[in-house]
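Residue-level listing of the chains:
Protein chains: 6
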Amino acid sequence: MAVRGVYPGRFQPFHWGHVGVVRWALEKVDELVIVIGTAQESHTVANPFTAGERVVMVKEALKDAEIDLSRVYIIPIPDILMNVVWVKYIAMFTPPFRYGIARNPLVVRLFKEAGYEVLIPPAYSREIYSS
Amino acid sequence: MAVRGVYPGRFQPFHWGHVGVVRWALEKVDELVIVIGTAQESHTVANPFTAGERVVMVKEALKDAEIDLSRVYIIPIPDILMNVVWVKYIAMFTPPFRYGIARNPLVVRLFKEAGYEVLIPPAYSREIYSS
Amino acid sequence: MAVRGVYPGRFQPFHWGHVGVVRWALEKVDELVIVIGTAQESHTVANPFTAGERVVMVKEALKDAEIDLSRVYIIPIPDILMNVVWVKYIAMFTPPFRYGIARNPLVVRLFKEAGYEVLIPPAYSREIYSS
Amino acid sequence: MAVRGVYPGRFQPFHWGHVGVVRWALEKVDELVIVIGTAQESHTVANPFTAGERVVMVKEALKDAEIDLSRVYIIPIPDILMNVVWVKYIAMFTPPFRYGIARNPLVVRLFKEAGYEVLIPPAYSREIYSS
Amino acid sequence: MAVRGVYPGRFQPFHWGHVGVVRWALEKVDELVIVIGTAQESHTVANPFTAGERVVMVKEALKDAEIDLSRVYIIPIPDILMNVVWVKYIAMFTPPFRYGIARNPLVVRLFKEAGYEVLIPPAYSREIYSS
Amino acid sequence: MAVRGVYPGRFQPFHWGHVGVVRWALEKVDELVIVIGTAQESHTVANPFTAGERVVMVKEALKDAEIDLSRVYIIPIPDILMNVVWVKYIAMFTPPFRYGIARNPLVVRLFKEAGYEVLIPPAYSREIYSS
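Protein chains in written order, with full-length UniProt numbering: chain D, 1 to 131; chain P, 1 to 131; chain X, 1 to 131; chain G, 1 to 131; chain B, 1 to 131; chain R, 1 to 131.
Careful: at least some of the hints might be erroneous.
Stated by the list, open to error - Computed footprint of chain R on chain D; a stretch qualifies when at least three of its residues, placed anywhere within it, have a C-beta under 8 Å from a C-beta of chain R: (1) 1-7; (2) 103-111.
Unchecked claim - Some chain R residues judged to face chain X by a derived CB distance under 7 Å, without partners named: (3) Thr38; (4) Met82; (5) Val84.
Simulated from the structure, these hints should not be mistaken for laboratory data. Being a predicted model, the structure only gives us computed values, none of them experimental. Using N, Cα and C, we set each Cβ at its ideal position, and we do this for glycine too.
Okay, chain D solo, but in the shape it has when bound (with noise of 0.2 Å):
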């Protein structure tokens, strides 16, 4: 069976350092699952685009970055807000996986608590990409 990792975030917006952990990632897995989160939330400051917006938004940058994107599943996901389920929540909406992708702590330690080995990608410069 296909080797998979999930790669969670935001995306608001996904930019180059984002393309450099899924390049970095495919090297590790078959196949990437990219899950946008915080899905319900637009038109802010802190979260301006719209979950499909940002579908398509990594789908573009994938194709610029000329990566192979039959081996990349793109889900956008709602906020459940309870951190005990959240992994299997994520679960529900994507194939079968068996690596997070994660550098933040939090999300570290849950994907570790509900069983799944943790790939944690390189730092991208902070000053060149945010959020």
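Starting from the structure of chain D, add chains P, X, G, B and R where the hints point.
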């Protein structure tokens, strides 16, 4: 801009009748958004598969059918249970689209009331396919 | 058919600045729908009054101002927290309407994106009235 | 203070039997709050009309019946699906009231358990009116 | 650490068949967590009692049966309606546990998929007890 | 019937100040219901522990303090975010009770508005205990 259609269904399971609709729709639009509805339900007789399992099932079926995946989005969405807002809620998760694709009279009506044009695919044989 | 406008606010409390907006709007529309938002909140510093208390407050203020109540609807609505669907959600609870009435830039934008015209009332003096 | 009664129903549609109840109730209370329940549902066989359509329907019917609208509130409320809190939830949206107005045994019981008196209107003929 | 089992049910009402299961389970685990499900429902034919009434009923029945209450937790939990996350959601409210205790095939399956072992109690006579 | 009090808190964590309140309350009521609020939150700085962990913590602390557990209920409850219905919502999950036990002015007010008497425990030293 790409002309898109949104094709919603529960797809429990996704079958060759559905594949036929996808093929038919891709002759009419540049890109197709397959919305996997009732994403929150699984493990029941009426809704056996999780949203994530259905995402894989749709992708694999389209691959087998040699349909160009770069023209397709597969988006699982939980129910909202308010018919008045349903189309806008779907639109929150999806790329901008022009057409709703549906045969169900309620779904057709909701798309029209929300200001979308509707493409009605030919019926597939209920004797061969179900759900 | 009656030309209607929808005027949303939290109205914590409803004050004479708001009454002025109602008077101003009733010169432009046949009927006005006053939407009392954030109906689920009360008993806090930011939202002291219940939705029901605000319904009474609005009605009594309009009566005192000798505004024709038969041209006004007062509808309390709980928050939905999804900007994309917010206007449709409001429309679910209200009679059909042509105009949104708002000064807040986000609210103006949401009405416009949902296909409604917007009437922007003159500012009332923030020195005299608040909230 | 005004003595008020709360009269809940789905009103799909509001018919002359309901108008009779309103007239009957206004002989017993100063003001009547008509609660349009299940406000989130529409477009189905059991619940064809939106809450907003029902608000208009109630107001127009009362106007036709020459009932004094200044003594009536019309408040649409979505379901909460917790019988224990239902009356308090209704009370959140409505002006303070003394009486529940209902024939349905569950509704009567819920009003009583919440500490309200109940006025039971005479039955209207089910042969003539429905829902 | 205490070895615990979780025993979920609606317990509408809690009867001597259930007491038998508790006694049986306490021979296999150090502590038992009785989860009172569908806690949000009451006042209906299928679910007459409130969660709180059921909490009392369970405690009193166990006391009558001279079961050691210090080895038992009684936890009411509202429904979540997502089978994929249901076990994790239960685990959010309960002490850490090793065993699910259930006969219902769906519940057995959900516990197993979530990585828990399942203890299946002997059937009690449906002629004597119900629900 | 047993005279009961309800003592709500987040108990992040449960400390000796809380134990003191429990001891104080059990001199005034037959049975005490400890409500563990905000049960849906965990893994954050403000709410580190899950509801289930807090249930264990409370039980173990009371055992250490040699408090009679058969007189105590420990009930975790998720937030509802509607102050008007909050007390009734709590009452849905708990045995019938006469007293609310609280120092927080909003909580005191909500219990009183819902028709309950309130017992205000002496302050514990904030220098020694927190949260």
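Comparing the hints with the structure gives:
1. Note: the region 1-7 of chain D has 0 residues with beta-carbon separation from chain R under 8 Å; the three-residue rule is not met and the coverage is violated.
2. Note: the region 103-111 of chain D has 3 residues with beta-carbon separation from chain R under 8 Å; the three-residue rule is met and the coverage holds.
3. A least Cβ separation of about 16 Å between R/Thr38 and chain X goes past the 7 Å threshold, and the interface hint is therefore violated.
4. For R/Met82, the shortest C-beta to C-beta distance to chain X is roughly 5 Å, which falls under 7 Å, so the interface hint holds.
5. For R/Val84, the shortest C-beta to C-beta distance to chain X is roughly 6 Å, which falls under 7 Å, so the interface hint holds.
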